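Enquirer: Using the hints provided, position chains B, C and D relative to the given structure of chain A.
Sequences listed follow chains A, B, C and D, in order.
In this text, residue positions in the first sequence follow this note's numbering: the first is 3, and each later residue adds one.
In this text, residue positions in the second sequence follow this note's numbering: the first is 43, and each later residue adds one.
In this text, residue positions in the third sequence follow this note's numbering: the first is 1021, and each later residue adds one.
In this text, residue positions in the fourth sequence follow this note's numbering: the first is 552, and each later residue adds one.
Worth double-checking, as some hints may not be accurate.
Said to hold, decoys possible - So, partial list: chain A residues that the calculated Cβ filter (under 8 Å) puts toward chain B:
id : residue
1  : 16
2  : 29
3  : 51
4  : 92
5  : 93
6  : 103
7  : 111
8  : 120
9  : 127
10 : 154
As the list claims (entries may be wrong) - Straight line, CA to CA, 30 Å or less: simulated BS3-like cross-link-like pairs of lysine-lysine:
id : chain 1 : residue 1 : chain 2 : residue 2
11 : D       : 668       : C       : 1387
12 : B       : 149       : A       : 27
13 : D       : 717       : C       : 1467
14 : C       : 1125      : C       : 1467
15 : D       : 1023      : D       : 717
16 : D       : 1100      : D       : 1118
17 : D       : 668       : D       : 579
18 : D       : 1117      : C       : 1387
19 : C       : 1467      : D       : 575
20 : D       : 665       : C       : 1467
21 : D       : 668       : C       : 1467
22 : A       : 89        : B       : 149
23 : D       : 665       : C       : 1387
24 : B       : 149       : A       : 80
25 : D       : 579       : D       : 1023
26 : D       : 579       : C       : 1387
27 : D       : 717       : C       : 1387
28 : D       : 575       : C       : 1387
No lab work stands behind these hints, which were simulated from the structure alone.
This structure is a prediction, so every number in the text was calculated from the model and none was measured.
All C-beta atoms, glycine included, are put in the ideal place defined by N, C-alpha and C.
Listed here are the chains, written in short residue letters.
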Amino acid sequence: MTEQIIFYLLALAITAFSILAVTSKRIVRSATYLLFVLLATAGLYMLLGYYFLFAVQISVYAGGIMVLFIMAIFLTHKPGKDIRTKKGWRIHASLLLSVVGLLFSGYIVLNNAIGIVQFIENEELTMQQIGTAMLGTGKQQYLLSFEMMSILLLACIVGAILIARKTKTEKNESNDTEL
Amino acid sequence: MGELLINNAGVPVLAYQLVSLIIFFAGIYGFFTRRNLMMMLISVELILNAADINFAVFNRYLFPGEIDGMFFALFTIAIAACETAVAIAIIINVYRNFGNAEVDNLKKMKG
Amino acid sequence: MNFLSLFVLIPLLMILALFVARSRKQVLGIMVAGSSMLVALAAFLAYNYITVRNSGNTDPMLFTAALSWFKPLNIQYAVGVDGVSVVMLCLSAVIVFTGTFVSWKMAPLTKEFFLWFSLLATGVFGFFISLDLFTLFLFYETALIPMYLLIGVWGSGKKEYSAMKLTLMLMGSSMILLVGILGIYFGSGATSMHISELAQHPMPVELQYFFFTLTFFGFGVLGALFPFHTWSPDGHASAPTAVSMLHAGVLMKLGGYGSFRVAITLMPAAAEKLSPIFLVLTGIGVVYGAFAAIRQTDLKYINAYSSVSHCNLVLFAILMLTQTSLTGAVLQMLSHGLITALFFALIGMIYGRTHTRLITDMGGLMKIMPFLGASFVIAGFSNIGVPGFSGFVAEMTIFVGSFENGDLFRRILTIAAVTSIVIGAVYILRTVGKFLQGPLQNEEHGKLDDAHWFERLAVVTLIAGILYLGSFPTGISNMISDSFGSLLQVAK
Amino acid sequence: MEYTLFVLLLPLASFVFLGLLSNKLSHKASGMIGTASLLMVALLSYFAAGEYFMTQKTGALFQTLMPLNLTWLNMGANLHIDMGILLDPISVMMLVVISTVSLMVHIYSLGYMKGEKGFQRYYAFLSLFTFSMMGLVLSTNIFQMYIFWELVGVSSYLLIGFYYTKPTAVAAAKKAFIVTRFADMFFLIGILVLSYYTQTFDFGTLTSGNSAVFQQAISTQFLGASALVWAMALIFVGGAGKSAMFPLHIWLPDAMEGPTPVSALIHAATMVVAGVYLVARLFPVYVLFTPEVLQGIAYVGAFTSMFAALIAIVQTDIKRVLAFSTISQIGFMMVALGVSKFEGHEGLGYMASMFHLFTHAMFKALLFLGAGSVIHAVHSNEMENMGGLRKQMPITHLTFLTACLAIAGIPPFSGFFSKDEILSATYLYNTGLGVWMTLVAGLTAFYMFRLYFSIFWGKEKQHAHPLHESPKSMTFPLIFLAIPTLLGGFIPFGQFVTADRAPYTIHMDLMVAGISVIIALVGILIARKLYQHPEKPVTVPSGLKGFHKAASHRFYIDEIYLFITKKILFNGVSRAFAWFDRHVVDGFINGLATATDWFSIRIRGFQSGEIQWYAWVFLFGTLLITALILFI
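Chain A on its own, in the form it takes in the complex (with noise of 0.2 Å):
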């Protein structure tokens, strides 16, 4: 009972809050909204029994991530000023399509409702099977994505390094370059 109790409460959290970033004013607060959402997450996946995903979860995407978030918030923001949204219209369009999907894809989920309620408890994975999963080529074994995934981070460390860097040309013409 404890665990429907939980699991509850975190879903009405996650609902709130991440309606709450996607509407709130104040940039600061979406991106907290935002952190609240993911370690809500977080916790599903501990419900579920993924502590591994439970770490990474909460140290890459609430830990890492979101600093970088703040940082980049603080970076273009001056503090304490509302953001922009779009048009009326728009909005009330994007609404509409947002709440006719949920409906939409409520409905379809609904109705090919998976009738399992209860997960069977396995043993917990150890790091030592992450491992070996992560560096094996066999079944169920991932070594190829995982070293495309570290190319990519690579790529996007290179990629992130060329796109900010302020060139010493640029700061000559920065006014009137465009993208």
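Expert: Same frame as chain A, now just chains B, C and D:
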């Protein structure tokens, strides 16, 4: 129907799915309505997060002995990190060039 | 690899050499060397061709070779020539050669200009030696595309408009042409796109009707088929001199050459049946182009409309489907190629001096630049078919040949086309009278100089060609005529 | 007689030489080169004529020789254009005429054109013209004739427009070329029709009188006449254009803008009779197979001669008087051909026509050169600036008088004989036509003596500088040409040139001769009374005022032409075509482009450049498609 949402035996799949749907469409709404690039990025993160939940849940409930879903979720988190890094670099660049970080600046594709 | 491939290789090598050329001198050196080699090659080919023919070889195509480069559809790089291709190759070589000299002072971007110019030449030469329909089409496109840049970048006047119009219309027509070519291939059930093989697999007549229309139309637009000729006046007027020369002199001939090599040869039954419709169009074009030229005041427009008239005459003669008229058509292509190149060259030179092409702004230039003036008069006379110049030989062969087709309808059309020789005289003499003769109109023009050596070389080369063809036509005419013997037997 | 080839080659060589080296040579050298080559041509021609008429006779008939005939261009299985030399009585006679007049003009021009800019060019063109004209008369086939026919037209254009800085000369040259080219178009069509049915261009085959050749042409009907009639009529139109027959005569008076010696050579003696020569060349075809066309030729000739004579009466420019007189005289020749039959006495007209062609060439060249001499002295073409010149210019005066008497038909001058033959032939054919032509002869005498008296008699006018006789290079040709003018009539022409090649002895018809001489004398006397003392202005009788005005305007033919060509063809049709091209044909293409453009502007709102909007549409589409798949 009701017992598929609230059940004494455990948390039903459907409940997880609905939660992820809500996050997903909240993200979509945010993506559509926000002008600020950072805000759009936040919305994108929400969408990704919704996908992650589904991966984990389906793995756990439907394919108990296996680990694919979890690893997909893991990789997605890593990709999200990459994406965020690059996106933020771009946003900073936009800000540097236009003095703000709004998507309306980027209209080169306008016909 | 037989030596015909050199016609494509030399321009390609020129392009490569131009890439590494550093100075203007090197660029011109490469161009002169390359285009001289092409002329020499063309002469060598003509000599070889005549030798082989005289030794009794009666194959329809000589010096053939084939190399399959796309197995699934069996598309070949197949080469070979008959009398028609030989004269067209000679014409192209001469015009590329003279075009080089006419562009001696071309600026800016000299190197790039000649690069595209050479690419255009590659396409043209490749087109004339190809026997495989698809490769033929490929070269055809290669010749068309550089036009856009050549006009758009180095042109004058409303060049963007003209370049766009020209390219779009020609691309549109080549799209239709592609459908026609594919239709021929699939309709005939042949195993390759080689022309001689397609000729042995005639299509059902109903299919021929459809694909003949497409193919003839596709090539016809490049041959300024009325009423799809309007790209030509604008395009020629805006293009730089050498490009106008090559375009009117050679590229428009691709249309005529293609329409008989592909449309008539492969679909003779449909050609016989459908020709009246196209004959009416081309007949109108002949008279119409001439009349439209009368009203023009821009030298290039005058010549462009005159080209419309003459190119329609080529198509007209092709559709008459007699051996003599086909011979006349090829002679006319050759003759018009030389004449119109000469015209455009002279107009370019005059424009380079006076900075105007409006005949109303000039007058009495004959006294100032006797060489250019006299050459212009010679070009004019050849254009209106004065005996001794090539135009006469070509037009007379066409008229006699068209009259040989016993159909009364075609004969009346022929008579209508004959009127163009009078209208031609009107616009040429009007032009000559306005800007060369009479009192000097603009005092500024009194200080201008006559032609330079490189200009003289180009002009004299072209005039020599015109005079040779006009005075001693027997050899060339027989060479062309022999090539049609077998073709018409197939048609019968 | 292969050496006749040099008659063609020498002028051609001289043309090429002078044309290419024009700037390098001095005036004198180029004049000498041109004249020397022509002298050789003339000697060759005389020699050839002598040899031909002495030796080339089998039985009673002159042979047709073809010393040279090479294939120049093949056109299909049977047709081929040849280049060759044909010698028969008329071509040999023409050789003599052309080389004589041309030589005289060459010599004359040495004086007349002295110091003119472009002197070398002038001689080059003269050589070109001589070459073309020789080629024309020596043609072995109708297509060769057409080729040289065109070349003659070109050289005429070049020579009329010699003073190319003068707009009137340019316009006249243009007009001459275009009008004759218009006629040549019919000639060409005629050739096409004829050659299609006969499958030959060759004169030998065409004029053999063999009806099998024309079998198909006669049996094919088109619009109520046989193909042969059409062909021959069209060919005649070509001849009429070159020979300035009504209504294609309009170019000739304007062509007087060229230098006067050119007018003498081209527009009096040689080129303008090309049409007559053409009809004479094809005479067997005309007379044997298409007599109706020949009849038409007679009437066209008769009308033209009267028409031109009437206009000549009121012209004030002396060269124009001569020009209209030329038209009128060519009309005589055409009439003579038209009324002729093929054989014996019936064929008198043909002989007379050729005879008149010969004598006319001599005396008309003389008249033009004389007029040139006068113009050279007075520096004007207008009669009112002249008068009493007989004292200052005695040689010119005497030779001019000789020529006037010849053209008026006073015995024993050459014109009398030839004109008398023509009148006899017309009387033989139809009395009405004879009377008509006799009247024209009377008018001829009148207007020629009006010209003569106005120039050489009457009060002397004031001139800027004293008048004097022309230099020797100009008077020599006058004297030389006066000889055949005086004595040419005694040549037994019928022995040499007849329609059927059989010798024919001329019988003077005293009745006709008497009438024509009397009429001519009356004309001369009236002219003397009116114009010998022109200080008394000639008043036009009130009844003839309207006629006078119309004749002065050349009966408004030029205006009609101008209206048709300028207003209707070039302004109307051509402008309409140009407009059509720019707006309809091009408009269609541009319209297509504009429509595409318009459409793309309409739909480009979708491409707002806003990523969110794209995403919105994307999601919308996804949902829609999913819904469609699920529910339908």
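Enquirer: Decide, hint by hint, whether the structure agrees.
Expert: To see whether the hints hold, each was checked on the structure:
1. Proximity of residue 16/A to chain B holds as hinted, the smallest CB-CB distance being about 6 Å (cut-off 8 Å).
2. At a threshold of 8 Å, the smallest CB-CB gap from residue 29/A to chain B is about 6 Å, leaving the interface hint in force.
3. Nearest Cβ of chain B to the Cβ of residue 51/A: about 7 Å, under the 8 Å cut. The hint holds.
4. Checking residue 92/A against chain B by beta carbon gives a least distance of about 7 Å; that is within 8 Å, so the hint holds.
5. Because the closest C-beta pair between residue 93/A and chain B is about 5 Å apart, less than 8 Å, the hint holds.
6. Residue-level restraint check for residue 103/A holds (minimum Cβ-Cβ distance to chain B is 6 Å; threshold 8 Å).
7. With a least beta-carbon distance of about 5 Å to chain B, the hint placing residue 111/A at the interface is held under the 8 Å criterion.
8. Given hint, residue 120/A at the interface with chain B, holds; its Cβ is 4 Å from that chain's nearest Cβ, closer than 8 Å.
9. The interface hint given for residue 127/A holds, since its Cβ lies 7 Å from the closest Cβ of chain B, which is under the 8 Å cut-off.
10. Nearest Cβ of chain B to the Cβ of residue 154/A: about 5 Å, under the 8 Å cut. The hint holds.
11. Of the pairs offered as hints, the one joining residue 668/D and residue 1387/C holds, with about 11 Å between alpha carbons and a cut-off of 30 Å not exceeded.
12. Only pairs whose Cα atoms come within 30 Å are accepted, and residue 149/B paired with residue 27/A is accepted, the gap being roughly 24 Å.
13. Of the pairs offered as hints, the one joining residue 717/D and residue 1467/C holds, with about 21 Å between alpha carbons and a cut-off of 30 Å not exceeded.
14. The hinted pair formed by residue 1125/C and residue 1467/C meets the criterion: a straight-line CA distance of about 20 Å does not exceed 30 Å.
15. With a CA separation close to 29 Å, the supplied pair residue 1023/D and residue 717/D stays within the 30 Å bound.
16. Only pairs whose Cα atoms come within 30 Å are accepted, and residue 1100/D paired with residue 1118/D is accepted, the gap being roughly 24 Å.
17. For the hint pairing residue 668/D with residue 579/D, the CA-to-CA distance comes to about 13 Å; that is within 30 Å, so the pair holds.
18. For the hint linking residue 1117/D to residue 1387/C, the alpha-carbon distance of about 28 Å falls within 30 Å, and the restraint holds.
19. Straight-line distance between C-alpha atoms of residue 1467/C and residue 575/D comes to about 22 Å, which keeps the hinted pair within the 30 Å bound.
20. For the hint linking residue 665/D to residue 1467/C, the alpha-carbon distance of about 28 Å falls within 30 Å, and the restraint holds.
21. In summary, the hint linking residue 668/D to residue 1467/C is supported, as the alpha carbons are separated by about 19 Å, within the 30 Å threshold.
22. Taking the CA atoms of residue 89/A and residue 149/B, the gap is near 17 Å; set against the 30 Å cutoff, the hint holds.
23. Using a Cα cut-off of 30 Å, the hinted pair residue 665/D and residue 1387/C holds, with the two alpha carbons roughly 19 Å apart.
24. Among the hinted pairs, residue 149/B with residue 80/A is consistent with the structure: their alpha-carbon atoms are about 24 Å apart, no more than 30 Å.
25. Of the pairs offered as hints, the one joining residue 579/D and residue 1023/D holds, with about 16 Å between alpha carbons and a cut-off of 30 Å not exceeded.
26. A threshold of 30 Å between alpha carbons decides the hint, and for residue 579/D with residue 1387/C the separation of about 21 Å falls inside it, so the pair holds.
27. For the hint linking residue 717/D to residue 1387/C, the alpha-carbon distance of about 12 Å falls within 30 Å, and the restraint holds.
28. Annotation: proposed proximity of residue 575/D to residue 1387/C holds, straight-line Cα distance about 16 Å (limit 30 Å).
The structure fails none of the hints (numbered hints given earlier).
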